[in-house]
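Protein chains: 2
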Amino acid sequence: MARWEPGAKQRLQLAALDLFVEQGFEATTVAQIAGRADLTERTFYRHFADKREVLFDGQDVLLHAFVDAVGSAPDGASPRELAEAAVAGSVAFFTDERRPWSRRRQQAIDTEDGLRERESLKMGVLASAVAQALRDRGVTDPAAELAADAAISVFRVSFGQWIAPGETRDIGDIQAGLFAAQRALA
Amino acid sequence: MARWEPGAKQRLQLAALDLFVEQGFEATTVAQIAGRADLTERTFYRHFADKREVLFDGQDVLLHAFVDAVGSAPDGASPRELAEAAVAGSVAFFTDERRPWSRRRQQAIDTEDGLRERESLKMGVLASAVAQALRDRGVTDPAAELAADAAISVFRVSFGQWIAPGETRDIGDIQAGLFAAQRALA
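These protein sequences, in sequence, are chains A and B.
Position 137 of the first sequence, counted from 1, bears residue number 137 in this note's numbering, the numbering being contiguous throughout.
Here this note's numbering runs 1000 ahead of the position in the second sequence, where the first position is 1.
To be clear, the hints were calculated from the coordinates, so they are not data collected in a lab.
One should not assume that every hint holds.
30 Å max Cα-Cα, derived DSSO-like pairs, lysine-lysine [to be verified]:
(1) Lys-9(A) to Lys-122(A)
(2) Lys-122(A) to Lys-51(A)
(3) Lys-1122(B) to Lys-1051(B)
(4) Lys-1051(B) to Lys-122(A)
(5) Lys-9(A) to Lys-51(A)
(6) Lys-1122(B) to Lys-51(A)
(7) Lys-1122(B) to Lys-122(A)
(8) Lys-1009(B) to Lys-1051(B)
(9) Lys-1122(B) to Lys-1009(B)
Working from the sequences, and respecting the hints, build out all of it.
Here it is, written out as structure tokens:
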């Protein structure tokens, strides 16, 4: 019988991260994750398709935040303003409460080349989605692709800075500085 | 007995591409590739570790072309000039003779999601290598990462344009236009 476990998803995520960091991703089983969270494997599979999804289930939320922000940007926004809006659309996702989790998630990803590759691919998927959102707002290629790549570049670098040890700035402030640095390069 | 087969590597590559496009990458075996090229499997394995390497053995050449071009750029070059030099360093690789091969390679890659992912990862590896080459020339982060990402964005888009049906421009001319478009966006 499916029983609703309050906070089960978060407990499973925290247990999984701890185990991934302690003993590596490959060595960790779903049974161990469920056991550490004091839940059943069946409960695990109600929330996640597999253990890798524990690390990447935020990708869809992020993608929709980017795409929705482009869609709701003001009329007459330039390609660059649309791309910057996409990145700004994700700021609400990266709260100070989330930062310790994001740091630990990165440690877990750094335990396996395959996870680092998956994370790299995620950036490519986000860039393609933003480019399409820009086209849907009437931006033509190659501007759509170039502006989307520029936005994801700032997003990727900002995320790396945001989770650096001791960093306390908001991700939005970090991104504003990076967009300025990017403009200065050009 | 290892016998030197003149042109063996290129014959194997052409045979492999034909088979990948005809019947898909997964369905193609090394035995079929060697047979189509009228060579032995043993000869295949003298040139390639596996069938995937037929598609990606140019990656190292490209990476070194990018990195060497950054290293030999003039003193006092700006981060952006160094990044543009990296991309310009690859122009000699993409000759008109190579274009039909590159188009066919892209068709082969498009037969499998896994190959598309591998190609996407390649861009990430190239971006990391260019960022490191910029740091070696004294560029600090985040400028090194942002400039490297901008260069690889232009490279990726330029390559897509260069292999488009009917395209006849040199890749260097395409890249010059894209760098200008990128500056205009900022």
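Checked hints:
With a C-alpha separation of about 22 Å, the suggested pair Lys-9(A) and Lys-122(A) falls inside the 30 Å cut-off, and the hint holds. Distance restraint check for Lys-122(A) and Lys-51(A): the Cα-Cα separation of roughly 17 Å lies within the 30 Å cut-off, and the hinted pair is therefore satisfied. With a C-alpha separation of about 17 Å, the suggested pair Lys-1122(B) and Lys-1051(B) falls inside the 30 Å cut-off, and the hint holds. Only pairs whose Cα atoms come within 30 Å are accepted, and Lys-1051(B) paired with Lys-122(A) is accepted, the gap being roughly 26 Å.
This hinted pair checks out: Lys-9(A) and Lys-51(A) have alpha carbons roughly 12 Å apart, not beyond 30 Å. With a C-alpha separation of about 26 Å, the suggested pair Lys-1122(B) and Lys-51(A) falls inside the 30 Å cut-off, and the hint holds. Restraint check: the Cα-Cα separation between Lys-1122(B) and Lys-122(A) comes to about 14 Å, which is no more than 30 Å; the hinted pair holds. At roughly 12 Å between alpha-carbon atoms, Lys-1009(B) and Lys-1051(B) fall within 30 Å of each other, so this suggested pair holds.
Straight-line distance between C-alpha atoms of Lys-1122(B) and Lys-1009(B) comes to about 22 Å, which keeps the hinted pair within the 30 Å bound.
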